[in-house]
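*Asks:* Each chain, letter by letter, is given below.
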Amino acid sequence: MLIDFNFRIILEYLPLFLTGLRSTFFISIVSIALALTTGIIACACRISGVRIIKYPAIAYIEVIRSTPLLVQIYFLYFGLPTLGLMIPEIQTGILALMLNSGAYIAEIIRAGINSVDEGQLEAGISSGLNYIQRMRFIILPQALGVTIPPLLGQAIVLVKDSALLSLISVMELTRCGQTMTSERFMPAEAFFTVAFFYMCIYFVLKAVADWSQRKLIFREAY
Amino acid sequence: MMAFYFARLVEIFPFFLKGLWMTSKIAFISLVTCTLIGFALGMIRSGNNIILKRIVGIYVAFVRGTPFVVQIFIVFFILPEWGIQLEAFPAALLAMAIMGSAFICEIVAGGIDSISRGQWEAAASSGLTLVQQLRLIIVPQAMKVILPPLVGQYVLLIKDTSVVSVIGVMELTRVGWVTVVRIPEGLMVFSLVGALYFIISYPLILISNYLEQKMAV
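Chains Y and D are the protein sequences, given in the same order.
Numbers 1 to 222, taken from this note's numbering, label the letters of the first sequence in order.
Numbers 1001 to 1217, taken from this note's numbering, label the letters of the second sequence in order.
Worth double-checking, as some hints may not be accurate.
Okay, derived cross-link-like pairs now, DSSO-like style, lysine-lysine, Cα gap no bigger than 27 Å in a straight line [said to hold, decoys possible]: (1) D/1053 <-> Y/206; (2) Y/54 <-> D/1214; (3) D/1159 <-> Y/54.
If you're looking for bench data, these hints aren't it; they were derived computationally from the structure.
For clarity, every value in this text was computed on a predicted model and none was experimentally measured.
Let the hints inform the model, and build the full structure from the sequences given.
*Replies:* Below, the structure written as structure tokens:
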């Protein structure tokens, strides 16, 4: 069992794991930034009254939410080359993560906007503010606080989802574990190390999420 | 060429249905086991036994902090080292049970914690035992909080069954992966796979939305 757990081999492979960790960081940060942009745009289309952009946005969000991420990754990985688009695996992976998280973020933002009381909107209208002003001065400042904890939750999900990119041979943390397993036949050492690094990221993000949640409740109490 | 591949795809469609059947089988078995284990763990987690609470807490943190792929690799590659040989299918079910029950445990614990202290005290002073308190007073009220996220979690679990394809279980995603080698039309093959997943999970999403609206008062 764990008696013959070999720490020396982990130390030997530590540089590889650190490059993997850096790659996971890079993929996560870039994907989150892109997903946030996608999510904001998709949400703006979703809540707008213009049908020609509203229905495509609904279709996008619902299709992404009801199919697995792995299928989306394979769809792009095997599908883009048939369209003549040859891009590196890592970009395909980031694209998949962006599209996937973008749909969830759009729903999170929409829920935040819907959480603002109807009366606030009416008060805005009767103060003579137009749509943009109402959004900017009344709805969004109030919605922002509600959306931050679930957005951080989505960031945690995204970091974990980035592990799936190992299946299209992107050299990130999980892939490093697979590499070490195939070279040294030591799956326990490899995957527990990988799990340890993911746990570290998780605890940091979770602490931030919990902190923001407490702040939010504190502010609402007044 | 497109039309030719499309004809081939139609030809091997039964293969996809077999994958869909396997996916549904894994999903159904794991939803049932996850719900049972998750409810039991959730009651422990919101209970009073500090040691048990801590143990469940560590388990939940481990599962929530690591990706599901890594958990599958741990179950499939490391258990044999410790002398537990598992076929791909039982290994997949075990990994799903470990993962899903931790998430459901959190949902259940959150629901039970949302019930006010007074309800517990009233139940206790009516002379009910702990099991009776939970069964008759607490859980029925907590269900209102538990149900919407629980159905949402079911959708996530169904989608996560796609990940067990990495250890070679012949389910829907694996079928797509095998097919795309023969029929090099990635867009077509994985659109079909996606559509089949959509058929199972979209109704559940609708139910989840409905419950969320109905219970949110």
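*Asks:* Which of the numbered hints are not met once you compare them with the structure shown?
*Replies:* Hint check: nothing fails, all pass.
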